[in-house]
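Chains Y and C, in that order, are what the protein sequence lines are. Heads up: the first sequence begins at 1 in the numbering used here, then just goes up one per residue. Heads up: the second sequence begins at 277 in the numbering used here, then just goes up one per residue.
These are calculated hints, taken from the structure and not from any lab test. One or more hints might be untrue.
Subject to a maximum C-alpha distance of 25 Å in a straight line, what follows is the list of computed SDA-like cross-link-like pairs (lysine to any residue) [to be verified]:
#1 Y:174 x C:363
#2 Y:174 x Y:151
#3 Y:264 x C:392
#4 Y:64 x Y:196
#5 C:392 x Y:12
#6 Y:29 x Y:57
#7 Y:224 x C:320
Computed footprint of chain C on chain Y, listed as stretches where at least three residues anywhere in the stretch have a Cβ under 8 Å from a Cβ of chain C [as the list claims (entries may be wrong)]:
#8 82-88
#9 121-128
#10 199-212
#11 245-255
Ideal placement from N, C-alpha and C gives every residue a C-beta, glycine not left out.
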Amino acid sequence: MYRDYTNIPVDYINQNTAERVIQIIKELKPESILPSNLFFIRRRLSLAVTGLQIPEEELSNILKEKGYELADKLIYFLSSDITELFRDADMWMMLEELLKNTYHQNKKNLLLAETTRGEELFSLLILLNELNFKDHFKITIEGPSIWALNQILEGEIKNFKLRSSLLNLKNVLKSAELSKYTFIKNNAYYFNPDYLKEVEIENSKLKQYDLILCRNKVLQNSIKDTERIYSKCQNKLADHGFLIIGTAERLNTTLFNNLTNVFKYENIYKKGKMNE
Amino acid sequence: MNKAIVIGGSAGSYKVVLKLISAIPKYMNIPIFICLHRLRSARSGFSETMRAKSPLRIIEPLDKEVISPKTIYVVPANYHMYLTSEYTIQLSVEEEVNHSRPSIDITFQSASELYKENLMGIILSGANNDGAFGMKKIKEMGGITIAQLPSECEISVMPECCIENKSVTRIETTNQMIESIKNFIF
């Protein structure tokens with residue numbers, strides 16, 4: 001089902017097809033926040049029809065027939081289906097420093113927001129285990145596709161970029177061995193279920209978190225939808241909690257005036273004033 | 277009329293880019309987008325060196341930044357860069373394209389859809405075919421496509437792929453490209 005896309009030029013599905021598909025997805029899942037860039041959508045849907053082996057011309061009809069389930073899968077494809085552990089190694093080293101300096105007692109709640117792939121979760125679990133912080137956090141994941149979240153907790157590492165992941169891991173955690181955390185079954189890579197069993201899918205909108213990771217999750221969303229997602233993160237963040245976004249993202253602190261940029265790290269924000 | 281220039285390159289292209297941008301007058305009034313293959317972890321130093329060579333505004337854009345004329349945008353490390361129909365920049369962390377992130381193809385193709393015949397695409401020295409598809413799209417949309425003269429390149433694979441797929445309007449030396457850029461801008 002999954003192919004290596006790195007050396008295949010991607011054809012783009014017809015613009016009318018793409019617009020129709022997005023419209024149907026919105027009808028089926030009105031709460032979904034979808035990408036806003038049509039060029040990007042056409043590219044991602046091209047990959048979706050390839051990965052799901054659906055002829056482009058039949059996509060709209062099949063979507064209307066299969067409804068919610070296929071819409072859920074297409075939402076997954078509208079992000080990306082590769083897994084590269086410890087992508088942006090510098091960010092992970094920064095997170096390691098933050099964890100060591102900040103979270104050293106009592107169990108804290110951690111949320112991975114807008115999750116569609118497992119790479120953040122798997123990387124985080126490795127990091128926490130290697131730092132002996134595994135029991136310090138209760139990890140929750142939430143995202144636009146329930147299908148994707150369940151897939152992640154089943155542990156399959158989709159389209160695993162093994163070589164990049166190994167290099168990244170060595171940069172971040174020199175002595176960590178990937179083989180401790182992954183195994184191969186039926187020609188697919190899986191994450192060790194022992195580390196996944198405590199992770200839960202969010203089931204309460206009222207829960208508050210001490211640390212929220214929302215890195216590179218709003219890149220293809222409109223400004224309005226981006227603000228909705230960050231507003232959600234702000235509301236879920238406990239006082240003095242930290243929100244981490246992507247290195248090329250910035251949060252409008254005039255709009256989200258309860259979040260303060262942490263001076264040393266441009267993409268980390270704390271809830272409440274800096275001297276509190 | 278909205279005009280723009282997109283420049284792509286890999287191994288051996290950085291010094292050419294420095295030469296190109298140092299020759300562009302400070303009263304340039306169109307955006308220029310530069311997509312160079314670069315080390316993922318090298319987040320600083322890349323565009324800083326460019327700024328030392330030019331009085332122009334040179335930045336690595338943040339996601340959703342509005343495209344401004346008189347600005348040179350350098351794609352940040354480990355992101356793809358799209359240009360949107362609202363004239364903003366959208367970054368992406370999708371899988372590599374042509375083993376590259378940033379991919380020249382992605383930037384060139386989205387630029388071709390936005391600027392159409394008002395776009396100049398320049399492909400420089402490099403060791404793979406990233407950008408060949410993008411140059412073809414630029415040409416199909418009526419834009420001008422220029423490949424660096426292969427014999428001048430440190431590694432000529434990238435421009436040669438574009439020449440081979442017939443997506444190139446002109447093949448030029450660095451000095452000729454400087455004149456083409458100036459003529460296009462003004």
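These are the hints, each one checked on the structure:
1. Y:174 x C:363: Not satisfied, since the Cα-Cα distance of roughly 43 Å exceeds 25 Å.
2. Y:174 x Y:151: Since the Cα atoms of residue 174 (chain Y) and residue 151 (chain Y) sit roughly 29 Å apart, the hinted pair is violated (cutoff 25 Å).
3. Y:264 x C:392: 42 Å, violated
4. Y:64 x Y:196: Violated - the C-alpha atoms of residue 196 (chain Y) and residue 64 (chain Y) are around 34 Å apart, more than 25 Å.
5. C:392 x Y:12: Cα-Cα ~17 Å, so holds.
6. Y:29 x Y:57: 22 Å, holds
7. Y:224 x C:320: 30 Å, violated
8. 82-88: holds (count 3)
9. 121-128: violated (count 0)
10. 199-212: That given contact is violated, which follows from only 0 residues of the region 199-212 of chain Y lying within Cβ reach (below 8 Å) of chain C.
11. 245-255: holds (count 5)
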